[in-house]
Amino acid sequence: MIVKIKNLTKKFYIGGSFFTALDNISLEIKNGEFLGLVGASGSGKTTLLNIIGGLDSPTSGEISVLNQFMNTTSHTERALIRRKNMGFIFQSYNLLPVYSVYENVELPLILNNIDKKSRRQKVLEAIDAVGLSDKINSRPNQLSGGQCQRTAIARAIVHKPALVLADEPTANLDSENSHLIMEIMKKLNTNYNTSFIFATHDEKIMGYLKRMIHIEDGKIFKDEKIKL
Amino acid sequence: MFNFLYKGLIRDRSRSFFPVIIITLIVTIIIFFSGFLNGVYNSLFLNTALVNSGHVKIVTFLYNEEHQLLPNDFALLDIDKKISDLEKKYDDYFWTPRITFAGLLDVPDDNGETKSQSPTIGLGIDFLSNDSEQFKIWDLKNKLVNGRLIDKSNEILISQELSNRLNLKENEIVTFIGSTMYGGFTTFNFIVSGIFDLNIGPIAKDMILVDLKGARVALDMDNAASEIFGYDKELLFNNDKTVELRNNFNFENQNSLDEFRPIMLALRDSNQMGTLVDFSDAIILIILTVFLIVVTLVLWNMGIMSGLRRYGEIGMRLAIGETKNHVFKSMILESIIIGTLGSFFGTILGISITRYFENIGIDYSKGIDSLSSSNFAMPNVFYPQVTSELFYIGFIPGILATVLGTMLAGRAIYKREMSQLFKELEV
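If you read the protein sequences in the order shown, they are chains B and Y. Counting from 1, one number per residue, gives the positions in the first sequence under the working numbering. Counting from 1001, one number per residue, gives the positions in the second sequence under the working numbering.
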């Protein structure tokens, strides 16, 4: 089990009262899943993704990710879990503009203290996997939106994480690029058995998901396994 | 990781080149401004010290009591021994005798009759001794309008205003009419070797400069002097140091009832100079403090803006597993590098500019000429001064403010919950 959540609640203190973003959620995600947290804006899907990624703590309930009980881990311990075992993909790519594609993808390996020779091999492999070998020395401002997101995917998977968390990865992309991105991630899921969790409300990508967890007003109202 | 961040710093001109340029410019301004204030301060007091007071001076108790009358009958005696003792005891100062005297300067015509006449104040200065540096300190070579420096004890230099009034030219003979140290009437013929303009305003308008030996002969003051002037060997005026020296010297003679006992006066003890010294100290401190605060705020703000601009990058780095501590430390390290480089270049540039103006000066003669006071030796040209503090003063705002600004921008990393931080970091 890669993620195990039991009776999880998250409340935010806003304007003098508490707003319940997640309400008593229980959920299990197995290794190798290709799963979407689906719901409208404000439904709580990004909050759940953040808690799974250790970027936020639950108000109550239990969560363990990659067999680590996240309720009691420190910020530093969670950073180490993310560094070793997780990859992040963001809606706005968040590539570092002064670095090349190669250098952007290299960053997680540097953080993991991988030696230079191994780094090069892994970076080239990741870039090849997203089909950007011809753009290796390009800077983000020389790339299209789709190419930027492919670079971000390469960065997310370069250290072979067990889990990739993607928050609206296709929201800024046109239809063609959205499908291309999803194809790449599906292939990585199949080839490396990497688990993917998406937070999305983009209809275009729903067809690729093997499992959809529908969230509304902080509650899971439907957990749908899809046979492709 | 350091190499990776360093590479980014070099490539991103808005993070490296432009902040370094801004810090360099601000530090340059700080250095020059401080040097200028130091120079003005020292110029004001150096001219006063040269003409009136030394940084410290020694006179007899009675001479001090009636100093406005220039009472050479209360002069110091046995000067050679006194100076030798002072040089041994206070070796960070150099000591030189001075005779200050007043009288009439008479210009005779071809028949020996008075052609013109004027009251004068004369300074007998030890110009012609082998080890004397008085010409250099007074910078008389550059202040000569006509003629040459004196090289004989019966020659004098005369101020431009006085020479104009008496219609005097170099090589003419003038007669000094006054009284000796013993109260007798004296006349003495001097040859005018040159005409000077000290650029110190009205105080020099009736001035003649004579070698000490000539003054001694004219006033019958063998091995005597009105005063012994002491100057810091670097010619830098330090009020606290002179006061301490004065207190120590006078403490040794405090129990003597001898009216001819030597007493030491600091520059601030001269006519109303204490108030001016304190006022100058306070003004310079206030100006520098306000200026430092302003530039600190500017650089602080720059540090904040630089940090805020990188919130997206910081959010991504935290997400991929960099710890808060590491991100924060790398930001601080970066600001230290930028601040140090900017401060270093700013200090070099600032000191170079200050050094340039230290040599050529900044001419304020029109403003100074409008002052009519004759109590204070105002320079017409201010020379900024490179002092030791200029080598480090720019690093205070240059590094400190930049780092503080970055720390303030990075504060969010520590103060916010990660999810809240992520919203702020636009991830």
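In case anyone wonders, no lab produced these hints; they're calculated from the structure. C-beta: ideal position from N, C-alpha, C; glycine also. Some clues are possibly wrong.
Taking beta-carbon pairs under 8 Å as the criterion, some of the chain B residues facing chain Y (in silico) [unchecked claim]:
{"no.": "1", "residue": "F18"}
{"no.": "2", "residue": "T20"}
{"no.": "3", "residue": "L55"}
{"no.": "4", "residue": "P58"}
{"no.": "5", "residue": "T59"}
{"no.": "6", "residue": "T76"}
{"no.": "7", "residue": "P108"}
{"no.": "8", "residue": "L111"}
Have a look at the derived ranges for each label pair, beta carbon to beta carbon [what the hints assert, rightly or not]:
{"no.": "9", "chain 1": "Y", "residue 1": "S1014", "chain 2": "B", "residue 2": "D134", "range": "27 to 33 Å"}
{"no.": "10", "chain 1": "B", "residue 1": "N71", "chain 2": "Y", "residue 2": "E1389", "range": "31 to 37 Å"}
{"no.": "11", "chain 1": "B", "residue 1": "K6", "chain 2": "Y", "residue 2": "Y1006", "range": "41 to 47 Å"}
{"no.": "12", "chain 1": "Y", "residue 1": "S1014", "chain 2": "B", "residue 2": "S60", "range": "41 to 47 Å"}
{"no.": "13", "chain 1": "B", "residue 1": "S118", "chain 2": "Y", "residue 2": "I1348", "range": "39 to 45 Å"}
{"no.": "14", "chain 1": "B", "residue 1": "G42", "chain 2": "Y", "residue 2": "I1010", "range": "40 to 46 Å"}
{"no.": "15", "chain 1": "Y", "residue 1": "I1010", "chain 2": "B", "residue 2": "F69", "range": "54 to 60 Å"}
May I ask which of the numbered hints given earlier this structure violates, with the numbers listed in increasing order?
1, 2, 4, 5, 10, 15
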